[in-house]
Amino acid sequence: MIVNSVGFQTLVKREMVRTFSIINQVIWPPVIQTLLYVFIFGLGLGSRIKEVQGVSYAQFLIPGLIMLQLIDQTYSESSSSVFQGRFMNSIQELLIAPLSAIEIVLGYVVAGVVRAIFIALLITALGAVLVHAAPSYWALYLLTIVLVAILFSSLGIIFGLLAEKFDHIAVLTTFFITPLVFVGGVFTSMQLLPPLLQKISLVNPMFYMIDSFRYSYIRTGDVPLAVSLGVVTTLAVAAFVVALRMTAVGFKLRT
Amino acid sequence: MNGAVPALRIENLVKRYGDFTAVDGISFVVPEGQFFGLLGPNGAGKTTTINAIVGLAKITGGSIALFGHDVVRDWRAARGTVGLAPQEYNFDRYLNIRDVLIFQAGYYGLRGPAVAKRADLLLERFDLTSKAKLVYTKLSGGMKRRLTLARALIHQPRLVILDEPTAGVDVELRLELWSMLRELNTNGTTIILTTHYLEEAEELCDRIGIIQAGKLVALETTKKLIGEGSLQDIFLELTRR
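Going down the list, the sequences are from chains A and B. With this note's numbering, letter number 133 in the first sequence gets 133, and the count goes up by one each step, no holes. Just add 1000 to the spot in the second sequence (first one is 1) and you have this note's numbering.
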């Protein structure tokens, strides 16, 4: 599958160099935003809520906040890197090299996964220190991060290719990702919602990501774990296949 | 001009964008070691042809082979043989210029001390060593032009394609680049050059192809093409039709 492994690794490394050269855009905002959410919602307002699903509200909040930041950062970084490469034509460095579509797409996606794990670990450490919330099921913790990062890195590639201007890549974030994540269980358990909203939550893909990830912390969820993981895996595979297909046909890459 | 397999073989190349035909059935061969000039007015199809050679444009019809490797069927081997110095500065803005070279080599599957050494040699050859740790936006126009050439050479391609390599540079740098290109060609690298400076093609190229409206209207050695006149006269005569 990967023939030019050095080329693939070079692309992953390049994406990491990019991430750390804009660390104030990529790494610190999710950490600081999480800190604010924890203080205001978790420790402030949340102190009035006794417990949710057997843990304090602040502890309940942490996995949802990690997902919120991961989804946002993974999509933003992947889409802006691809779009910027197209905009500045620097992506031609990849296109003229002996790199296949799978090597290019995997390069962006693996970089997205590494970035996601890094951000998640930082916020996890914050949660452990501030509200004593830590994952108890590390394999599931990692698996969910990897699947979600594959999904949103792939979506980033897709929208980085579709976009005609920077404004276009914000469409998915503004109108879909952010609203769906916020109503997808970051702040509340589905069990606390009215029956109608519970049914609506079931068609929100973000709900399954957050529920699966929260399971790695509190070992319980609103829906069976297999269902959550099944939905997330299906979406990740579908997005990856679309990103791969678009790259393979040279969509807006090769004239 | 030694190898039996030519550096570049284009057969009946067609490239269409919707209803517009940018390249209309051109065919030519560039033997290994030749310094070949591809000339034509703006919009004639030169850059489209180059993009088709390096894989940036999808071929509508015909075929292209680099050192016997078809650029579609055997694309990986074909791309390894060619280096492109595009007209625009499309460097990675997150890398310093030494890393621009090292990462470019990486995309070609090369890494390690040998690559670092070659990057340093190229920086030295192109008088960029003192700027090695800077990003390209900090370089002057002439330095960016030299970096474009250095990047095209990092993986030691057998064929280098230069799209307007001296556009927008002063006379001194142009002469310096000519000298570098001659040296490169003398050392065995095949060169394909597009330029709007006819004296540049006359000075450097062994053989010239002229494209007009997507068709090849002349293909001859520079000496024969010019004959008793000047390249400018011939060019204007052929491209005014």
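If you're looking for bench data, these hints aren't it; they were derived computationally from the structure. Backbone N, C-alpha and C define an ideal beta-carbon position, used for all residues, glycine too. Keep in mind that the hints are not guaranteed to be accurate.
Under the rule of at most 25 Å between Cα atoms (straight-line distance), these lysine-lysine pairs were calculated in the DSS-like manner [what the hints assert, rightly or not]: (1) A/K165 / B/K1131; (2) B/K1117 / B/K1144; (3) B/K1131 / A/K252; (4) B/K1058 / A/K165; (5) A/K13 / B/K1058; (6) B/K1138 / A/K13; (7) A/K13 / B/K1133; (8) A/K252 / A/K165.
Cβ-to-Cβ under 8 Å is the rule here; a few derived chain A residues that face chain B [stated by the list, open to error]: (9) S21; (10) I40; (11) M88; (12) L94; (13) I117.
Partner residues are not named here, just some residues of chain B that face chain A (Cβ under 10 Å, in silico) [unchecked claim]: (14) G1080; (15) Y1094; (16) W1178; (17) Y1197; (18) R1207; (19) G1227.
Item to complete: Take the C-alpha atoms of A/K13 and B/K1133, compute the straight-line distance between them, and say whether it is at most 25 Å.
Response: Holds, at about 18 Å.
Worksheet item: Is the interface hint for A/I117 satisfied, with its Cβ closer than 8 Å to some Cβ of chain B?
Response: For A/I117, the interface hint is violated, since the closest Cβ of chain B sits about 21 Å away, which is over 8 Å.
Worksheet item: Taking only the CA atoms, is the gap from B/K1058 to A/K165 under or equal to 25 Å?
Response: holds, 24 Å
Fill in: chain B contact restraint on A/M88 - CB to CB distance below 8 Å
holds, 6 Å
Discussion item. Hint check: A/K165 vs B/K1131, CA-CA at most 25 Å. Holds or violated?
Written reply: violated, 32 Å
Worksheet item: If you take the shortest Cβ to Cβ gap from B/Y1197 to chain A, is it below 10 Å?
Response: violated, 23 Å
Discussion item. Interface hint check: A/I40, Cβ to nearest Cβ on chain B, cutoff 8 Å. Holds or violated?
Written reply: Result: violated, 34 Å to nearest chain B Cβ.
Worksheet item: Taking the closest Cβ pair, is B/G1227 under 10 Å from chain A?
Response: violated, 37 Å
Discussion item. Min Cβ distance, B/R1207 to chain A: is it shorter than 10 Å?
Written reply: violated, 24 Å
Item to complete: For the pair supplied as a hint, B/K1117 and B/K1144, confirm whether the alpha-carbon distance does not exceed 25 Å.
Response: holds, 20 Å
Worksheet item: B/K1131 and A/K252: Cα distance at most 25 Å?
Response: violated, 34 Å
Worksheet entry | B/Y1094 as chain A interface residue, shortest Cβ-Cβ below 10 Å | holds, 5 Å
Against the hints set out earlier in the document, violations occur for numbers 1, 3, 5, 10, 13, 16, 17, 18, 19.
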